[in-house]
Every structure is written in structure tokens, then in C-alpha cells.
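Chains as they are written, first to last, in the numbering used here: chain A, 4 to 143; chain B, 3 to 410.
No wet-lab data here; the hints were simulated from the structure.
One or more of the hints may lead you astray.
Said to hold, decoys possible - DEER-style ranges, computed between Cβ atoms:
| hint | chain 1 | residue 1 | chain 2 | residue 2 | range |
| --- | --- | --- | --- | --- | --- |
| 1 | B | P149 | A | S97 | 38 to 44 Å |
| 2 | A | V70 | B | T235 | 43 to 49 Å |
| 3 | A | K132 | B | S166 | 50 to 56 Å |
| 4 | B | G196 | A | T46 | 47 to 53 Å |
Beta carbons: idealized from backbone N, C-alpha and C, even for Gly.
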Amino acid sequence: MTIQEIQAEIVDEFSMFDDWEERYQYMIDLGKDLPLIEAAYKTDEFIIKGCQSKVWVHAGLVEDKVVFTADSEAIITKGIIAILIRTFSNQVPSDIISADTEFINKIGLKDHLSPTRANGLVSMIKQLKMYALVYQTQLN
Amino acid sequence: MNTKTLDITSVRKDFPILDRKVNGKPLVYFDNAATAQTPKQVIDVIVDYYSLYNANIHRGVHALSQEATDLYEASRQTLQRHFNIKEASEVIFTSGTTHAINIVASGFSTILSSGDEIIVSALEHHSNIVPWQMLCEKTGAILKVLPMNDHGELIIDAFDDILSDKTQLVFVNHVSNALGTINPIKEIISKAHGFGAAVLIDGAQACPHIKPDVQALDVDFYVASGHKMCGPTGVGMLYGKREWLEKLPPYQGGGEMIAEVTFEKTTYADLPHKFEAGTPNICGGIAFGAAVDYMNSIGFDCIAAYEQELLDYASVKMKAIEGLKIYGDSTQKASVISFNIEGIHPYDLGSILDKLGIAVRTGQHCAQPIMDYFKIPGTVRASFAFYNTFEEIDALISGIEKAKFMLL
Numbered sequence: 004m005t006i007q008e009i010q011a012e013i014v015d016e017f018s019m020f021d022d023w024e025e026r027y028q029y030m031i032d033l034g035k036d037l038p039l040i041e042a043a044y045k046t047d048e049f050i051i052k053g054c055q056s057k058v059w060v061h062a063g064l065v066e067d068k069v070v071f072t073a074d075s076e077a078i079i080t081k082g083i084i085a086i087l088i089r090t091f092s093n094q095v096p097s098d099i100i101s102a103d104t105e106f107i108n109k110i111g112l113k114d115h116l117s118p119t120r121a122n123g124l125v126s127m128i129k130q131l132k133m134y135a136l137v138y139q140t141q142l143n
Numbered sequence: 003m004n005t006k007t008l009d010i011t012s013v014r015k016d017f018p019i020l021d022r023k024v025n026g027k028p029l030v031y032f033d034n035a036a037t038a039q040t041p042k043q044v045i046d047v048i049v050d051y052y053s054l055y056n057a058n059i060h061r062g063v064h065a066l067s068q069e070a071t072d073l074y075e076a077s078r079q080t081l082q083r084h085f086n087i088k089e090a091s092e093v094i095f096t097s098g099t100t101h102a103i104n105i106v107a108s109g110f111s112t113i114l115s116s117g118d119e120i121i122v123s124a125l126e127h128h129s130n131i132v133p134w135q136m137l138c139e140k141t142g143a144i145l146k147v148l149p150m151n152d153h154g155e156l157i158i159d160a161f162d163d164i165l166s167d168k169t170q171l172v173f174v175n176h177v178s179n180a181l182g183t184i185n186p187i188k189e190i191i192s193k194a195h196g197f198g199a200a201v202l203i204d205g206a207q208a209c210p211h212i213k214p215d216v217q218a219l220d221v222d223f224y225v226a227s228g229h230k231m232c233g234p235t236g237v238g239m240l241y242g243k244r245e246w247l248e249k250l251p252p253y254q255g256g257g258e259m260i261a262e263v264t265f266e267k268t269t270y271a272d273l274p275h276k277f278e279a280g281t282p283n284i285c286g287g288i289a290f291g292a293a294v295d296y297m298n299s300i301g302f303d304c305i306a307a308y309e310q311e312l313l314d315y316a317s318v319k320m321k322a323i324e325g326l327k328i329y330g331d332s333t334q335k336a337s338v339i340s341f342n343i344e345g346i347h348p349y350d351l352g353s354i355l356d357k358l359g360i361a362v363r364t365g366q367h368c369a370q371p372i373m374d375y376f377k378i379p380g381t382v383r384a385s386f387a388f389y390n391t392f393e394e395i396d397a398l399i400s401g402i403e404k405a406k407f408m409l410l
């Protein structure tokens with residue numbers, strides 16, 4: 004599936020929820036369920052520092068696609084990371100670079116992606132794109 | 003002496019913002035230590051300023067300028083009376099506490115020399131650490147830290163060990179922003195003076211709860227912020243003893259702070275103008291005075307007694323929540339509770355509480371050394387003001403229970 008298709012699918016999933024509690028509970032469950040990153044990568048080298056919570060991101064190239072893993076100390080942040088990884092991972096670098104994250108607004112999580120929230124998510128998205136850019140250069 | 007009791011219904015009517023809803027729920031505002039809300043008495047003063055006498059001060063011959071000047075200077079006198087400051091010219095208007103600290107730190111760069119020592123407490127806000135580190139880098143002075151214990155209290159015995167004839171300056175907050183501890187500043191000031199060191203007390207967190215008497219404290223510098231005291235943001239105060247303020251060089255050059263300017267030499271204006279370069283925050287200064295008047299009309303005894311009741315009520319209820327740990331349990335505490343729930347990140351708890359209309363602070367509270375001490379990523383901080391209610395604390399308690407249910 005393309006990034007856009009996955010994002011549309013996520014928006015569709017979230018439209019089933021009636022209120023914030025159900026949305027948050029779903030994200031919390033996503034955050035709890037997914038072991039997102041290997042312990043070896045949960046080091047300062049892969050850290051993105053937010054004042055509120057730390058985020059770790061790792062990337063690797065499998066054939067022509069970028070595979071991301073990530074984690075966070077905060078479970079709501081981790082849930083959002085799970086959603087972001089689902090859209091960005093296993094995609095070709097050029098698609099990652101050109102993708103946007105508008106769908107986050109549509110699923111009612113806009114607040115968490117605010118640059119002033121200082122939870123590391125905005126920097127994380129930048130980092131995902133930076134990795135894609137590096138791999139794009141390598142592939143060319 | 004009978005302390006009048008606080009009429010909470012009438013007090014709450016003074017604060018229009020308390021009527022609003024957040025995420026569809028009535029606002030419960032427990033982030034008072036970050037900024038206090040503004041009563042209509044202060045909002046009216048701000049509106050009046052721009053509606054009636056907006057003009058630049060201290061230089062006009064026209065009526066508006068004179069009126070604005072009179073009100074601005076009257077506000078300075080209000081602060082003088084409130085803090086029991088000897089002369090109004092020892093009251094410097096600043097943009098806030100951080101600005102006030104920087105005036106002193108910058109000034110001391112001309113006084114300190116290599117090998118001199120300055121002492122900062124382990125309980126400080128970054129704004130009372132970073133300027134001194136910069137000062138040390140510039141002058142070669144050495145920064146020493148007055149440590150704290152597990153209760154979040156400063157270890158006064160350790161102060162004797164680090165104080166010496168080399169100590170030039172001591173910086174301590176009156177109340178810790180992260181934990182709420184009320185520090186024994188009178189003792190600290192007197193010990194520091196014993197070694198000839200000057201003392202700056204950061205009163206940002208104390209002034210919403212306590213009415214300090216700077217002459218009784220014999221403190222050399224005392225700083226405060228308007229917005230923590232029901233005033234507007236962007237205005238604060240530096241109090242300094244005249245002898246110190248005369249010794250320190252000006253912080254910024256510009257208009258207002260000069261007596262005479264030729265291309266060969268400039269002579270600086272007298273206090274307080276020497277430290278008030280450029281057009282000040284005139285409206286903010288006037289409104290700061292109005293805020294202090296407002297708080298005095300409620301009465302600080304009354305405020306302190308009511309906030310203590312809120313603190314006691316919340317402490318008992320919160321301690322009953324399984325897995326909840328309070329950081330900073332000094333017996334001398336302002337109405338601030340910094341806490342965590344085992345297994346829950348403060349960001350998550352804060353995010354759920356926000357959805358319930360409850361405003362708390364989460365994170366390191368600009369006091370990373372304190373978080374490092376407790377080995378935690380941060381805390382959730384609920385800080386209560388005299389316009390908060392017991393029912394709001396009940397809402398916080400059930401919000402925490404709900405968040406636990408969702409997150410654990």
C-alpha cells in the first residue's frame with residue numbers, strides 16, 4: 004500500500020471512535036502492544052530529546068525500502084509513533100520524503116504534533132525524512 | 003488577630019477565565035505556579051490604560067504622558083510598600099524575574115575575579131542557574147552548589163562547609179518552583195552575610211503566597227514576576243539595596259538610562275532609571291501594581307491559610323492513590339504538589355488530565371538538576387491558588403484515577 008492509502012485506512016479506523024477516550028485508549032493499546040525498537044538502539048545515538056519525553060528512532064534499508072523502528076518513554080507518544088511508523092516504514096525513500104502528516108489532524112491528535120508540545124514527535128518526523136533523504140542519495 | 007476567611011464564591015467571580023470550558027469540561031486551572039490568572043480588577047486597569055492614557059512616560063509635557071508617568075510611578079511605590087523597600091528608587095521594573103537575575107549576573111561580571119566563588123542552591127530554576135554559569139565562564143569564578151535532601155529541603159549544614167571568604171554571591175529561590183519547598187532564606191542570608199557575601203533571592207514562586215519584607219530579611223537583591231501574582235506577563239521587579247545598585251553597571255544602554263550624553267562621555271541616570279533603558283512596559287508596570295493591590299485586598303494571611311487548606315486536602319487525597327509518589331514533602335511548603343504515578347509517564351498523565359479540562363504542568367519544570375536527583379524524567383505538578391476549590395481537587399483526584407485506568 005502507498006503511504007496515502009495507509010493514512011486513509013488509519014483515518015477510517017479512527018472514524019469508528021465516538022469520543023476522545025476511545026481514540027486515546029486505542030493509541031494507548033497500540034503503544035503497549037508494539038515492541039518498536041531493539042534494545043541495542045535505545046541509546047543516546049538514536050535519541051531525539053524532547054523536554055517532555057524522549058523518543059528513539061532507528062532506520063535501515065531493506066532492498067529499496069526504508070524500515071523504521073522507534074520507541075518513546077510516554078505511551079501516548081508511543082501510540083502516535085506506532086501510527087507514524089505504520090505509514091512511513093517499508094516505503095521507498097522518495098515517497099517518505101514527499102509524504103505529509105495531515106492525517107494526524109484528521110484523527111484528532113493534532114495537539115500532540117505541535118512543535119511547542121516538546122514531546123519529540125515533530126523532530127522525529129524530521130528525522131524519518133532525513134533518513135529517507137540519506138538512503139535516497141545512496142540508492143542514486 | 004483574627005484572620006478574615008476567604009469568600010471563595012466572590013473571589014472566583016473576579017476571574018473571568020474560570021468560567022470557560024476546556025475540551026467541553028469546566029476548566030480546572032492547577033498550573034498557577036507557571037502563571038496565575040488575572041482578575042477583572044487588573045484587566046480593567048489594562049483596558050483603561052490603552053483606552054484613556056496610553057503615552058510614553060518620563061519625558062512628555064502633555065497631559066497623557068503626565069498621567070501615565072504618575073500611574074507608573076505610583077505602581078513603583080505600591081511595590082515599595084508591599085515589599086517594605088526603603089526607597090522607591092530601589093525598585094527596578096524589569097520584564098520579569100529572568101531579566102532581573104540577568105541584570106545582577108551581568109553587573110557582577112565587573113566585580114568578580116578569577117577564583118571567587120558563588121553559591122547556587124540545588125533547588126533552582128534554570129533561570130537561576132544558567133546566568134551564573136555564564137558569569138563564571140566570563141570571570142573565572144567558581145560555581146558551588148548547596149545540596150538538598152530527599153525531602154526536597156536544602157541541607158543548611160552543608161552551607162557552612164561551602165561558605166568561605168571567597169564567597170561573593172549566594173543565589174537561592176524563596177520557594178522552589180518544582181517542589182514547592184519554602185527555603186529558610188533568613189538563615190541563608192544571615193550566614194552568607196557572615197562571610198561578606200551578597201544574596202539574591204528569587205521570589206518568583208514565593209510572592210503569590212508570601213509577603214516578603216526585604217528590610218527584615220536584610221536581603222541584597224530580591225526578584226519577582228508580575229504574572230505569578232495575578233498581573234500581566236512581561237513585567238517583573240528587581241529590588242536591590244541602593245549601595246549594590248549603585249555599584250553595578252547599567253545592563254543595557256539607551257534612552258531613559260542616561261543623565262547626559264556627548265560623543266566623548268555619557269553619564270548614567272540615577273536609580274531606578276539607570277537600569278530601565280528604553281521605553282518600559284508601561285501598561286504592565288501599572289497593572290503589576292494593581293495586581294499587588296488586588297492580592298492585598300484579599301490579604302496574604304487569608305491567601306496563605308486557604309492555600310494551606312487546599313494543600314492539606316489534596317495531599318491527603320493524593321497519598322491515598324495507589325502508586326502515587328509525591329516529590330518534595332517538606333513541612334514548609336507552598337501549595338504545590340509535584341508527583342508521579344508508578345508506571346505512568348508524566349506526559350501521558352498530563353495529556354489525559356488536559357482532555358478532562360484539568361491544566362497541570364508536566365516535565366522537568368526547568369529544573370533538570372532536581373529531576374536528575376530523583377532519577378525521574380519529570381513530574382506532574384499541580385499548583386493551587388486562592389481561587390481554586392476543594393471540588394476542583396476532587397476533579398483532579400478522579401482525573402488521576404481515570405488516567406490510571408486508561409494507561410495502566
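Evaluation of the provided hints:
1. Between P149 (chain B) and S97 (chain A) the Cβ separation comes to about 55 Å, which falls outside the hinted range of 38 to 44 Å.
2. The supplied range of 43 to 49 Å is met by V70 (chain A) and T235 (chain B), whose beta-carbon atoms lie about 46 Å from each other.
3. For K132 (chain A) paired with S166 (chain B), a C-beta distance near 54 Å keeps the hint of 50 to 56 Å intact.
4. Judged by the Cβ atoms, the range 47 to 53 Å given for G196 (chain B) and T46 (chain A) holds: they are separated by roughly 48 Å.
When the structure is compared with the earlier hints, a violation turns up for hint 1 alone.
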